[in-house]
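Following the hints, put chain B in place on chain A, whose structure we already have.
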Amino acid sequence: MIKKYHMHFNIYDFTSFTQSIDKKLNELMSPSWALLSEFILVGLVILTFYAIIGLYLVYAERKVCAFMQNRIGPNRVGKWGLLQTIADLIKLLMKELIPIKQADKILFNLAPFIVIIASFMAIAAIPFAKGLHAIDLNIGIFYMIAVSSLGVIGILLAGWSSNSKYPLIGAMRSGAQVVSYELSVGLSLLTIIIFSGTMQLSGIVASQADGWWIFKGHIPAVIAFIVFLIASTAETNRGPFDLAEAESELTAGFHTEYSGIRFAFFFLAEYMNMFIVASIAATVFLGGWMPFHIGGLVAFNQVMDFIPPLCWYFGKTAFLIYLIMWFKWTFPRLRIDQLLTLEWKYLLPINLLNILLVAFLVMKGWYF
Amino acid sequence: MNSIIKYITDIFKGVKSLWNGLRVTGYYFVHPGQIVTQQYPENRKTLEMFERFKGEVIMPHDENNQHQCTGCGICELNCPNGSIEIISNRIINAEGKQERIIDKHIYHLSMCTFCGLCVKTCPSDALSFGLKFEHAVFDRHKLTKVLNKTGSSLKKDVVEKKEVKV
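Note that the protein sequences, when read in sequence, are chains A and B.
Going by the numbering used here, 11 is the number at position 11 of the first sequence; the sequence numbering is gapless.
Going by the numbering used here, 135 is the number at position 135 of the second sequence; the sequence numbering is gapless.
Hints may contain errors.
Just a few of them, taken from the derived set where beta-carbon distance is under 8 Å, the chain A residues facing chain B [unchecked claim]:
| id | residue |
| --- | --- |
| 1 | Met68 |
| 2 | Asn70 |
| 3 | Arg71 |
| 4 | Ile72 |
| 5 | Trp326 |
| 6 | Thr330 |
| 7 | Phe331 |
| 8 | Tyr346 |
Treat the hints as calculated values from the structure; they're not laboratory data.
Since the model is a prediction, treat every value here as computed from it, not as a measurement.
No residue lacks a Cβ here, since even glycine has one placed at the ideal position from N, Cα and C.
Chain A with its partners taken away, still in its complex shape (with noise of 0.2 Å):
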């Protein structure tokens, strides 16, 4: 049984403004054409909004982890080191691409890119505000799992065509690592697809419209939360988890036989992963571009919605986003059998458990 929500109708809808361009457009040249520049344009706003996220992210990551360690991160280049990692992007262009004999060249020029597009297509389907998304797909959820376990395909691909031992092995741990927490990623996401009865990303934002997922859906959906905070920082390679780059500080890793660019679209490539699932848990967990609202109390609504969405789903991604760096600069790092028994004899089992657990919530409907 799903039950219906009403929407907040005073929410700027950016529907009229996407459609407006695309009438001038169709208006200006013939459909095919208006077609192809719109594609065009998408994409270069996705590949500016990649580039400038990216490039901030390692800023702030920079930045949080000093402040973690009692020394202040870097505070020359620019205000505050605004522009430090500009300063370091144009460094590693400036850096010589080692080719490598025996590798098997196409695969190896292909891994970075296979990351990177990756992350591209799962930034299309997130939605920024009401209406502002590139698409809306009804498999919305299912899509964004599907398009991000592409990455590892990348990760595999560099280690197996650097033709090199430590590469290798490193790939094939990380390959393990990233295949078994997808499932628990999955699995965690199930919960509030069982709650909110949709897997469009729009239609999950809808329906907390009169309060986030995570207080309606009390119990299992702070579970849920927990799980797939650990799971999905398990899944980029991130925090305590990143034993498959950390070989890259003391051995090697499967991006050791890389320099210049394309270690420079590894990096970001993990950042933006970041970013993404950060984006995810908040719009499935914490309400996405919803604002903070109280189910019956329709002037604190009112008084929420003042703040505009985009804020708050940048705000939400960001609190996520620290909470991820939090976890990093914390804990030391586990080993690859310590990982692997995390996932597969305690992740798992509360992840099963708690999906009967939700599954019996919403027959007898006690949530909210």
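Below, chain B without anything else, positioned relative to chain A:
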């Protein structure tokens, strides 16, 4: 049954220890007053180095321009790369006996490894570490210093240690 109980208590103990760790780093994050980084060129006027800092080797002189160096040459013998050269003279002292007196205690700051052996092994505690650290110069010869000041003399009642405390 025991293993199930252990499993569940393991989870809770694990989460509690993680939470304790998060509290520590969270505390540091919201307390920028705990930052220990010195923003160097801007805080030169107020910067004080800590007491045990090894900036350079100096020979402390008191208010009467007197030092404690007897010119024995033990620091020169102990210096691992020869950064110290002692030039001493033999003079006839007041009681008519021959005595060694320091003429120049030459210290090559450019070669010094700051190991501290000269400070440690000096039997009369004549040398110590100074706190000044801005030694960059344009002319290498300025890095060869004479540690005993002009017109200084040996302090009376200088007691020479027999053993070096390690």
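Which hint numbers doesn't this structure obey? No numbers; nothing is violated.
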